[in-house]
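Enquirer: The whole structure should be built from the sequences, with the hints applied where relevant.
These protein sequence lines map, in sequence, to chains Y, Z and D. If you count by my numbering, then the first sequence holds residues 1 to 247, one letter each, in order. If you count by my numbering, then the second sequence holds residues 1 to 290, one letter each, in order. If you count by my numbering, then the third sequence holds residues 1 to 322, one letter each, in order.
Mixed in with the good hints, there may be bad ones.
[To be verified] Partial pick of chain Z residues on the chain D-facing surface, computed with a CB cut under 8 Å:
| # | residue |
| --- | --- |
| 1 | I38 |
| 2 | V101 |
| 3 | D187 |
| 4 | I268 |
Just so you know, these hints were derived from the structure itself, not from any lab. Cβ atoms here follow ideal geometry from the backbone N, Cα and C, with glycine treated the same way.
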Amino acid sequence: MLEVQNATKRFGGLVAVNQASLKVAAGSITGLIGPNGAGKTTLFTLISGFEKPTEGRVLFEGQDISHDEPHVRARRGIARTFQIVQPFAGLSVLENIAVGAHLRHAKRRDAMARAEEVGRRVGLGPELDKSASSLTVAGRKRLELARALATEPKLLLLDEVLAGLNPSEIRDIIPVIRTIRDEGTTILMIEHVMQAVMNLCEQVYVLAQGRIIAEGPPADVCDDAKVIEAYLGAGAAERLKREKVHA
Amino acid sequence: MYSPAIIAEAIVNGLMTGTVYALIALGLTLVYGVLHIINFAHGALLTAAMFAVWVVYETVGLDPYLAILPLTPLFFGMGYAVQRFVIGPASHGNDSNILLVTLGLSIAIENALLAGFRSDTRTLNTDYGFQVVEFGSLLLSKPRLIGFGAAILVTVLLWLLLSRTDTGKAIRAVAKEKFGASLVGIDVAHVYAVTFGLGCACLAVAACLLMPTFYVNPRIGQAFVLVAFTIVVLGGMGSIPGALLGGLFIGVVESLCGLFLGDSLGQIGIFLIFILVLLVRPTGMFGAKA
Amino acid sequence: MTFRDIVPIAVVIALLAFVPAFVTANTVLNFLVFTLIIALAAQGWNILGGFGGQFSFGHAAFFGTGAYAAALLQVRFGMNPWVAFVIGAVAGAAVGWMIGYLSFRSGLRGSYFALVTLAFAEVLRILANAATFTGGAAGVLIKLDVRPDNFQFESRGAFFWIALALVGAVLVLTRWIERSRFGAQLVAVRENEAAAKALGVDTLRVKLGAITASGAVTAAAGGLYAQYFLYVDANIAYGTWISVEAILAPIVGGLGTVFGPLVGAVALHGLGEITKLAAGSVPGIDLMVFGGLLVAAVAFAPQGILGLLRRPGQSKGAARHA
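Expert: Dropping the structure here:
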């Protein structure tokens, strides 16, 4: 469904994303992990259109969308959430979601109905009439998710929707994400919470210093020496192996 | 059509006006650089300063150049109070609110002056107002020459204050990262107010330098403030050397436009530059990239 | 938008329409017509500034364009004033689109947008003040020729009704914006532009739509002004006073609300008249109060008079404490 081909993004002298390629199969949940500063969010901005790649291409359903504006990509069916939540603070939760719903529903009544339905689905039912600025962190994360979902995307890009949540909140939201996929939306997620990645993702890409250094099912990737070194430093994989042997 | 001598004179006059513009712009750019706000009341505060110069001259006969001594600290204090007790609390830390609060202040100050002094235009009759200095083939106005020197001196002093003193360091720290500055114990609200006070102090000096050759009425600030905005945008918001160079440049542009287009169209060159810079390169020629 | 959305507007306009039946003093009617013209200009500003969050400090650019177009088309080209009035509003829309296209394309927002609009208005003022076509500093005088088909009336009441009808039409337009997809997207742009983009909002198109509508409405106010006073010059038409009036009324009345600009204009000018009566004919005293009110409104009543009237906890509309 989504294919990133050799995407590179430079900011001045800094290479944030370097020749990164990945594929997301329709109907899958694909993970994108990597240490802090690896370029994951930048790669997301290339896919969602907030930045344009310096080199390389982004294909969606076989079409080159590398130069489309974000709103055009949203119309094509790509929705994203923001790592740092970006609510419309002055609006109610329902109105927030309705902005997303308006993408496919011109009439206010239809958009509101749709927004209410989506809001309930992600567990914001009791909060729909509250001001978005009054929500807790967990509530805001759900709102991000609801707004993106309301655009009825084919591909949903989740940027650390679990960060900042406590374990019980994470437990609550994981089935929501799975249900979204089961209902036909493909998901690409950046996530640090490994429990969720192991639990949800069929395929994982690991980004380190702008490069994709590993890909595969989550269990395999976690054992990959390159991945361990990317997180823990050079020689870490070797040390871990030795410790295992000695233990 | 125009002899080189006339053009040369226009350029020199432009440079002299430009330094005073620069001084006005300096206050504006300093406030922008630190508080990241556009102070729409800047023009009205300048008008207030010019009236203050006129009042002390008319009542106690204080020479405008000597008036720098009492008026600069007075305006510093006033600016400090306005930021600390009006702009800061009223705007709840929101940028568009600050814009509106300073606009409201500017309307209130300007019309208070109108109510107090009426719309008459007033001048000072100093005995040196029309004295000239011969400089080769050029005849230069003596007070404007003094203004030129003094404005450059103030710019240098301000620059020294910012780069060499502890207060300057605190100001620069807040400008760069106010949250970090507050973490290391800098009182951000105080630094904001000091900066705003310094901006107003610049205005007091500028008013004292302007008054011997210029006039004042309640609306005079509007003319200056738009020019000052242009300079600040051209020089890069927050840049002190930018304000000086921008001021000189705009002074010359205005002077030449006045020469070629006549007075009524003279200012249009400034505004076109203003719009063009905003549209093409809003960070200015010297400002850091946002 | 439903029938129920229109009812309050219809009631307010219908009540106001009876005013000329009770008030016949010319000075009072003059004041009322002037206040309605200001309200109309402010309604234009509110579409862009209140709903869209783009604070223009140069709405004089639109007001002046409407005023000059209405005056010049009839004086220079003998056009029917009604037609000239409509063309003036269209010209205001065009100027709005152009300023919007140039500034929004360059990504100007916040203070920068405020400054550039101010500069555009000043350029137009200087040009109008200098060009012979616009009558230079002397301005343009529209010939007195009282005929309804000439947009001139025997009674001031007739003018009051026309101004009121226009204000009412824009109230309906604003209500429609509030209830439409366009409005939802416009408010989204105000609250968070990046998030709006991610949700498929074409932010440039939405902002252009807002500034175009805004320009048309404020230009209509300008055209009405020219037709009522039968005179325009550069400092009236493109002067900063009208830019300031257009900002003040919505903020005092209630930013980003349908009735805010009307309530604000009436409140401000009512208070202005009272101040003038109380303080005698001291020039500038009313504006001094306006300036203080603007500061006070931002400090204590960020949702304006309408926000104060609404029951606490029921806050809606523009929140500027994002």
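Enquirer: Could you run down the list of hints and mark each one as holding or not?
Expert: Outcome of the hint check:
no. : hint : in the structure
1   : I38  : holds, 4 Å
2   : V101 : holds, 5 Å
3   : D187 : violated, 22 Å
4   : I268 : holds, 5 Å
Hint 3 from the list above is the single one not met by this structure.
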